[in-house]
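Engineer: Given the sequences, and given the hints that come with them, work out the whole structure.
So the sequence shown is numbered by this note's numbering: it starts at 57 and just counts up by one.
These are calculated hints, taken from the structure and not from any lab test.
Beta carbons are placed, not taken as given, at the ideal position from N, Cα and C, and that holds for glycine.
Please note that a few of the clues may not be correct.
Only pairs whose alpha carbons sit at most 20 Å apart, straight line, appear in this in silico DMTMM-like list of lysine to aspartate or glutamate [what the hints assert, rightly or not]:
no.	residue 1	residue 2
1	Lys129	Glu145
2	Lys130	Glu94
3	Lys157	Glu145
4	Lys125	Asp149
5	Lys129	Glu103
6	Lys157	Glu100
7	Lys60	Glu70
8	Lys130	Glu109
9	Lys125	Glu113
10	Lys157	Glu175
11	Lys106	Glu145
12	Lys129	Glu150
13	Lys130	Glu145
14	Lys146	Glu196
15	Lys106	Glu72
16	Lys129	Glu113
17	Lys60	Glu150
18	Lys129	Asp149
19	Lys129	Glu147
20	Lys157	Glu94
21	Lys146	Asp156
22	Lys60	Asp156
23	Lys106	Glu147
24	Lys130	Glu100
25	Lys129	Glu161
26	Lys146	Glu104
27	Lys125	Glu104
28	Lys130	Glu103
Pairwise CB distance ranges, derived in the manner of DEER restraints [stated by the list, open to error]:
no.	residue 1	residue 2	range
29	Glu113	Leu90	25 to 31 Å
30	Gly139	Gly119	15 to 21 Å
31	Gly141	Asn66	31 to 37 Å
32	Arg172	Glu113	46 to 52 Å
33	Gly178	Leu118	41 to 47 Å
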Amino acid sequence: MEEKQVELRNLTNEIEQLQNQANVHNQNLELLTLSVQEMRQTVETLEELKSTEPGREILLPLGTGSFIKSTLKKNDRVIIGVGAGFSIEKEVDEAKAIVDKRIQETDTALQQTRERLAEISGRLEDITPRWQNLYRELSEGQAGTI
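Structural biologist: Shown next as structure tokens:
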């Protein structure tokens, strides 16, 4: 009986750890998905910028749905973040290529996260029936000793 209690305890711990890992991976999926959406919007904006004539009035996003009116001076170069708080000036097509590469990298991370989540779900599906059987056996065994 004691062996089964130890196994039940171990399975309970493993299930809790797997559920915690699944929660973390689900949060990562949400963040990565939002990041890809934002980067795709950036690519669309860069494409639109190329066809916008200099001197035209545009709305520049300030964040959280706020904008400022501005006049476009040049439509061939943009400033793009390169990490660690640094930004550089690039031609629009170069900036688009950088963002496209980031999208590919993030898509790869999304796929890896989905695969890991599937592994976790599979393991949970494998051990949950054993946990349920042990729990039932031990519960019935304790009820018989009362």
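Engineer: With reference to the structure, classify each hint as holding or not holding.
Structural biologist: Hint check results:
{"no.": "1", "hint": "Lys129 - Glu145", "in the structure": "14 Å, holds"}
{"no.": "2", "hint": "Lys130 - Glu94", "in the structure": "23 Å, violated"}
{"no.": "3", "hint": "Lys157 - Glu145", "in the structure": "17 Å, holds"}
{"no.": "4", "hint": "Lys125 - Asp149", "in the structure": "24 Å, violated"}
{"no.": "5", "hint": "Lys129 - Glu103", "in the structure": "16 Å, holds"}
{"no.": "6", "hint": "Lys157 - Glu100", "in the structure": "15 Å, holds"}
{"no.": "7", "hint": "Lys60 - Glu70", "in the structure": "15 Å, holds"}
{"no.": "8", "hint": "Lys130 - Glu109", "in the structure": "8 Å, holds"}
{"no.": "9", "hint": "Lys125 - Glu113", "in the structure": "7 Å, holds"}
{"no.": "10", "hint": "Lys157 - Glu175", "in the structure": "27 Å, violated"}
{"no.": "11", "hint": "Lys106 - Glu145", "in the structure": "15 Å, holds"}
{"no.": "12", "hint": "Lys129 - Glu150", "in the structure": "19 Å, holds"}
{"no.": "13", "hint": "Lys130 - Glu145", "in the structure": "12 Å, holds"}
{"no.": "14", "hint": "Lys146 - Glu196", "in the structure": "71 Å, violated"}
{"no.": "15", "hint": "Lys106 - Glu72", "in the structure": "52 Å, violated"}
{"no.": "16", "hint": "Lys129 - Glu113", "in the structure": "10 Å, holds"}
{"no.": "17", "hint": "Lys60 - Glu150", "in the structure": "62 Å, violated"}
{"no.": "18", "hint": "Lys129 - Asp149", "in the structure": "17 Å, holds"}
{"no.": "19", "hint": "Lys129 - Glu147", "in the structure": "14 Å, holds"}
{"no.": "20", "hint": "Lys157 - Glu94", "in the structure": "14 Å, holds"}
{"no.": "21", "hint": "Lys146 - Asp156", "in the structure": "14 Å, holds"}
{"no.": "22", "hint": "Lys60 - Asp156", "in the structure": "53 Å, violated"}
{"no.": "23", "hint": "Lys106 - Glu147", "in the structure": "10 Å, holds"}
{"no.": "24", "hint": "Lys130 - Glu100", "in the structure": "17 Å, holds"}
{"no.": "25", "hint": "Lys129 - Glu161", "in the structure": "32 Å, violated"}
{"no.": "26", "hint": "Lys146 - Glu104", "in the structure": "16 Å, holds"}
{"no.": "27", "hint": "Lys125 - Glu104", "in the structure": "17 Å, holds"}
{"no.": "28", "hint": "Lys130 - Glu103", "in the structure": "14 Å, holds"}
{"no.": "29", "hint": "Glu113 - Leu90: 25 to 31 Å", "in the structure": "30 Å, holds"}
{"no.": "30", "hint": "Gly139 - Gly119: 15 to 21 Å", "in the structure": "19 Å, holds"}
{"no.": "31", "hint": "Gly141 - Asn66: 31 to 37 Å", "in the structure": "46 Å, violated"}
{"no.": "32", "hint": "Arg172 - Glu113: 46 to 52 Å", "in the structure": "47 Å, holds"}
{"no.": "33", "hint": "Gly178 - Leu118: 41 to 47 Å", "in the structure": "45 Å, holds"}
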